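Enquirer: Since the structure of chain A is already known, use the hints to place chain B on it.
Sequence order for the protein chains is A and B.
Heads up: take any position in the first sequence, counting from 1, add 198, and you land on this note's numbering.
Heads up: take any position in the second sequence, counting from 1, add 198, and you land on this note's numbering.
Hints in this document: simulated from the structure, not taken from any laboratory.
Computed from a predicted structure; not experimentally measured.
There's no promise every hint is true.
For identical chains, the list gives no copy identity; a pair is met inside one copy or between any two copies.
[Unchecked claim] Calculated pairs, DSS-like style, for lysine-lysine (alpha carbon to alpha carbon, straight line, at most 25 Å):
| hint | residue 1 | residue 2 |
| --- | --- | --- |
| 1 | 373 | 338 |
| 2 | 415 | 257 |
| 3 | 319 | 338 |
| 4 | 433 | 338 |
| 5 | 319 | 433 |
| 6 | 415 | 425 |
| 7 | 425 | 234 |
| 8 | 234 | 319 |
| 9 | 415 | 234 |
| 10 | 338 | 234 |
Given next are the chains, with one letter for each unit.
Number of protein chains: 2
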Amino acid sequence: MADLSQVRALTFDVFGTVVDWRSSIIREGQELGRSKGIEIDWQGFADAWRDLYQPSMEKVRNGEMPWTKLDDLHRASLERLLKEFPIEGLSEEEIDHFNRAWHRLDPWPDTVAGLTRLRRKYVLATLSNGNVALLVNMAKRAGLPWDAVLGAEPARHYKPQPEAYLMTADFLGLKPSQCMLVAAHNHDLVAASQCGYGTAFVARPTEYGPGQTRDLKAEHAFDVVAKDFLDLAHKLGC
Amino acid sequence: MADLSQVRALTFDVFGTVVDWRSSIIREGQELGRSKGIEIDWQGFADAWRDLYQPSMEKVRNGEMPWTKLDDLHRASLERLLKEFPIEGLSEEEIDHFNRAWHRLDPWPDTVAGLTRLRRKYVLATLSNGNVALLVNMAKRAGLPWDAVLGAEPARHYKPQPEAYLMTADFLGLKPSQCMLVAAHNHDLVAASQCGYGTAFVARPTEYGPGQTRDLKAEHAFDVVAKDFLDLAHKLGC
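So here's chain A without its partners, still in its complex pose (with noise of 0.2 Å):
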């Protein structure tokens, strides 16, 4: 176990912990459907756009490809779903803007009000595998008070690999043990740990839906367990 009186900086995965990105995809196809009179299973267009997501990054850390920004990867698999679909008669522009649907995520209820709460104690960064523009885009729009935009860009690796955390921590000027990750994904956080991050979970029950099966519960002994960024800052003394 991390000891917490020595953390300085609260680090956030994003997608599913800060952001619901299933409701907020499925509203942008629904949007998008309606001005163009497209009528499809948004939500299935929405679990199969994220399902090419954990492919696409892994071609990256694997080496197959070069350093590729998750805007360039959404673009590729957003283009391979526009014909499985299929989806026509879309203009680039439109294609553009669409696949932006990332930068307009909307946080949890609980997002914005625990995060000011966090942040009178700590420095809070973004450590997500979203590239800074939209990260940045999606901070301006939902009011997410971040004091740095970090993550895999900045690191030019994709989480789980280390130097993803290990550089983050470095760009705080810190070390790994004064940074905590907060997800509400076990993977990431046991890789966090292994890089000598505290640990904090926050489930996300729907982040897949009103199915889903994983990541319901801490399923390993994280330094701490909250029930949502409320109870986080609660926990933490905030």
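Expert: For chain B alone, coordinates are given in the frame of chain A:
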């Protein structure tokens, strides 16, 4: 001249432009002097420390040294000056604290109010040779409302190398023509302009003290010339 209607992000030089490094380092030196009974010319010390700034980065720029963050360059310069002045009897902890005086620089009087207005319309990012931790700690202390903390360290190139400007625009997901550099230094703005950035000169006529002779005015046809950040906000329609 840049097309100002295209500009989405304002990127800021920090030392001298956003914060008054000289008065702040003098203040920190005087505090150290009082607590340790050291009587030296702290104005001269501040100027000497800053005089080593460009030569120390030049060794990284020309490849004589590998990438080294500014905190570490500041520390090497400080150790040299402690011997030269001399200043004796400081513990490792005291030296480290004094080195982090650069994390505790005070903003100019118009800085926070100006940034707050500018942020309504633009993404605000640092484009500084300061390292991320230095800039994050400075922002937290001074209340600087950055959307992103970028610059030399994420780009691994010190200004005025073009990579510093080009990679900052790339991190923001923007073309250089969609970015504007705000700086109190003619040479920085010229380098940014050569990379395709828009340019805004804000004079800081006492940055180098009462006898300042350089950068008293814009020496090139920059896109905007403003008296301070409030005047800049006015001129940019914020």
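Enquirer: At 25 Å max between alpha carbons, let me know whether residue 433 reaches residue 338 within a copy, between copies, both or neither.
Expert: between (27 Å within a copy, 23 Å between copies)
Enquirer: Between copies, within a copy, both or neither: which fits residue 415 and residue 234 at Cα up to 25 Å?
Expert: Close neither inside one copy (40 Å) nor across copies (53 Å); limit 25 Å.
Enquirer: Is the C-alpha distance from residue 338 to residue 234 at most 25 Å within one copy, between copies, in both cases, or in neither?
Expert: Cα proximity of residue 338 and residue 234: none, with 28 Å in one copy and 45 Å across.
Enquirer: Please sort residue 319 with residue 338 into within, between, both or neither, judging by C-alpha distance up to 25 Å.
Expert: Both: 22 Å inside a chain and 11 Å across chains, each within 25 Å.
Enquirer: Is it within a copy, between copies, both, or neither that the alpha carbon of residue 415 lies no farther than 25 Å from that of residue 257?
Expert: Classified as neither; 29 Å inside a copy, 51 Å across copies.
Enquirer: At 25 Å max between alpha carbons, let me know whether residue 425 reaches residue 234 within a copy, between copies, both or neither.
Expert: Neither. Shortest intra-copy (39 Å) and inter-copy (49 Å) distances fail the 25 Å Cα cut-off.
Enquirer: How would you classify residue 415 and residue 425 at a CA-CA limit of 25 Å: within, between, both, or neither?
Expert: Within. Shortest intra-copy distance 10 Å satisfies the 25 Å Cα cut-off; inter-copy 56 Å does not.
Enquirer: I want to check one pair: residue 373 and residue 338. Are their C-alpha atoms no more than 25 Å apart within a copy, between two copies, both, or neither?
Expert: The answer is between: 19 Å across copies meets 25 Å, while 29 Å in one copy does not.
Enquirer: With identical chains treated as interchangeable, where does the CA-CA distance between residue 319 and residue 433 reach 25 Å or less: within a copy, between copies, both, or neither?
Expert: This pair counts as within: shortest intra-copy Cα distance 13 Å, inter-copy 37 Å.
Enquirer: Have a look at residue 234 and residue 319 and pick one of within, between, both or neither, based on CA distance no larger than 25 Å.
Expert: Cα proximity of residue 234 and residue 319: none, with 47 Å in one copy and 30 Å across.
In the structure shown, a violation is registered for the earlier hints numbered 2, 7, 8, 9, 10, in ascending order.
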